[in-house]
Amino acid sequence: MAEQDLLETGQPLLIADSLSKSYGRIAACRDVSFSLYPGEVLAIVGESGSGKSTLLQLLSGQLAASGGQVSYRMRDGITRDLAALGEAERRLLFRTDWGFVHQDPAQGLRMAVSAGANVGERLMAVGWNHYGRIRESASDWLTRVEIDVARIDDAPRTYSGGMRQRLQIARNLVTGPRLVFMDEPTGGLDVSVQARLLDLLRNLVAELHLAVVIVTHDLAVARLLSHRVMVMKGGRVIETGLTDQVLDDPREPYTQLLVSSILPP
Amino acid sequence: MPAMIDIADANKTFTMHLQGGIELPVVRGVTFQVQLSECVVLSGPSGAGKSSILKMIFGNYRCDSGRIGIRHRGALIDLATAEPRQVLNVRRATIGYVSQFLRAVPRVATIDVVAEPLIAGGIGRADAQARAGELLHRLNIPQRLWQLPPATFSGGEQQRVNIARGFISDLPILLLDEPTASLDAANRAIVVELVAEKKRQGVAMVAIVHDDEIRHLIADRIVDVTSFAAAA
Chain U
1 MAEQDLLETG
11 QPLLIADSLS
21 KSYGRIAACR
31 DVSFSLYPGE
41 VLAIVGESGS
51 GKSTLLQLLS
61 GQLAASGGQV
71 SYRMRDGITR
81 DLAALGEAER
91 RLLFRTDWGF
101 VHQDPAQGLR
111 MAVSAGANVG
121 ERLMAVGWNH
131 YGRIRESASD
141 WLTRVEIDVA
151 RIDDAPRTYS
161 GGMRQRLQIA
171 RNLVTGPRLV
181 FMDEPTGGLD
191 VSVQARLLDL
201 LRNLVAELHL
211 AVVIVTHDLA
221 VARLLSHRVM
231 VMKGGRVIET
241 GLTDQVLDDP
251 REPYTQLLVS
261 SILPP
Chain Z
266 MPAMIDIADA
276 NKTFTMHLQG
286 GIELPVVRGV
296 TFQVQLSECV
306 VLSGPSGAGK
316 SSILKMIFGN
326 YRCDSGRIGI
336 RHRGALIDLA
346 TAEPRQVLNV
356 RRATIGYVSQ
366 FLRAVPRVAT
376 IDVVAEPLIA
386 GGIGRADAQA
396 RAGELLHRLN
406 IPQRLWQLPP
416 ATFSGGEQQR
426 VNIARGFISD
436 LPILLLDEPT
446 ASLDAANRAI
456 VVELVAEKKR
466 QGVAMVAIVH
476 DDEIRHLIAD
486 RIVDVTSFAA
496 AA
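Protein sequence lines, in the order shown, are assigned to chains U and Z.
At position 197 of the first sequence the residue is numbered 197 (the working numbering), and the sequence of numbers has no breaks.
If you count the second sequence from 1, you need to add 265 to reach the working numbering.
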């Protein structure tokens, strides 16, 4: 019920307006516009070099755009141009209201400190200072991502690939973000580990009503997790729509090629 | 009373870019209405476009032109031109679709597969599971299977799980694609009963049924899809 109402009446959380990025004469990303609403999962699909990772970096303010603008509705309800935020404001956004799940967990975790500290660190960054409460929250999140709490004092370098990825997710979600960026979150994992992670992500996203922008080259991941899909090629969005529409009734030649290239299960 | 579904002159063609851009006309000039408490059965040979029409009504296939009018929360909305968010809202609150095959997520228990639409609609997990259990029981899925994911079930069992999932919600429109195809006589009779109950609740339905006997039992009206044949 809540979900319906929010989707129907809410204002966009993130707005991309004519976003472009070029490196000299090479356009990595051309004229991308869309709105993302609370609780909405948007998948960006396309092959390597299509500009999907560049777009993710532009959206999350890690890369300055050559043209266009990204706006975000802050927790106070005011929509702001990300480029106009101060460095401190941007960092706070990243620590609290946003998450970023990297393909390689080593990029999103500190591999040498304990799992508990990896999760607790984000809480401390937003002012939590009660050790017992931080540890309690960290244990709670390890359980939610199906990591045995007995492993809380172990460093993630002792974890398997799937566990590391789940720990990275816990670290991102502990501050209750409203928007999470994901870059090929199931990329380097075995198929069985992937299925478990996808199922976990799917439940967490629905339960926490997260808005997600997920970059993937795997159409099965897009189908399972996303409401909407944008297909990118050569830096441009060539087709966009409801996920099942685009995958079951693709219109563009390139999208038809992508869809027809899926191996039957 | 205005129609629940009001389709006017809807057209659909596939353009197969990988096969040299050949155009595959699917249906042309699809026009019919479905009223409250009415079950319309689409008839016609395989390949006539019956499933495509169901998918157009669900917003799964896009129309090239025409209107797919759906009465959603008291207002008529045209799915042929609706925004993705609106289509999702219509699916959450108005249209249910029982596909031919179950497409379930690995690892999810049968009882949760069935209860999910209710939970997504805001009903508590315990209540949703209780209703899911009732339906599974009615459809003769033994309780010992409820905690297992349906992936390993037989074709008929999977279809019954799919039917339970489709019939559990109180949505005002239901689309049924061959709901009885791989069921035995006893289970077919239960599906006929479920359809009759939905009608009494005012639900508007569009169904594809190949079995003549079942068609006769559930159809209030038959729409012959060959009249929308695009190739003619």
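No wet-lab data here; the hints were simulated from the structure.
Ideal Cβ positions, reconstructed from N, Cα and C, are used throughout, including at glycine.
Please note that a few of the clues may not be correct.
Unchecked claim - Take a look, some chain Z residues computed to stay more than 10 Å from chain U by CB distance:
no., residue
1, N325
2, T417
3, A446
4, T491
Said to hold, decoys possible - For each label pair, taking beta carbons as the anchor points, the in silico distance ranges come out as:
no., chain 1, residue 1, chain 2, residue 2, range
5, U, V126, Z, S302, 53 to 61 Å
6, U, S66, Z, D392, 39 to 47 Å
7, Z, P407, U, D199, 47 to 55 Å
8, Z, A391, U, G86, 46 to 54 Å
9, U, H130, Z, S302, 56 to 64 Å
10, Z, L289, U, Q69, 35 to 43 Å
11, U, Y23, Z, G467, 27 to 35 Å
12, U, Q69, Z, T417, 44 to 52 Å
13, U, S139, Z, M281, 49 to 57 Å
14, Z, P407, U, G188, 53 to 61 Å
Here is what the structure says about each hint:
1. N325: Z/N325 is in fact no farther than 10 Å from some Cβ atom of chain U, at 5 Å.
2. T417: holds (14 Å)
3. A446: At roughly 20 Å from the nearest Cβ of chain U, Z/A446 sits farther out than 10 Å, so the non-interface label holds.
4. T491: Label holds. Min Cβ-Cβ 22 Å, cutoff 10 Å.
5. U/V126 - Z/S302: 53 to 61 Å: holds (55 Å)
6. U/S66 - Z/D392: 39 to 47 Å: Violated - the Cβ-Cβ distance for U/S66 and Z/D392, about 53 Å, lies outside 39 to 47 Å.
7. Z/P407 - U/D199: 47 to 55 Å: Since the Cβ atoms of Z/P407 and U/D199 sit about 25 Å apart, the hinted range of 47 to 55 Å is violated.
8. Z/A391 - U/G86: 46 to 54 Å: About 48 Å separates the Cβ atoms of Z/A391 and U/G86, which means 46 to 54 Å holds.
9. U/H130 - Z/S302: 56 to 64 Å: With Cβ atoms ~60 Å apart, the hint holds.
10. Z/L289 - U/Q69: 35 to 43 Å: Holds, since Z/L289 and U/Q69 (Cβ atoms, about 41 Å apart) stay within the stated range.
11. U/Y23 - Z/G467: 27 to 35 Å: violated (60 Å)
12. U/Q69 - Z/T417: 44 to 52 Å: holds (51 Å)
13. U/S139 - Z/M281: 49 to 57 Å: About 54 Å separates the Cβ atoms of U/S139 and Z/M281, which means 49 to 57 Å holds.
14. Z/P407 - U/G188: 53 to 61 Å: The hinted range 53 to 61 Å is violated for Z/P407 and U/G188, with Cβ atoms some 40 Å apart.
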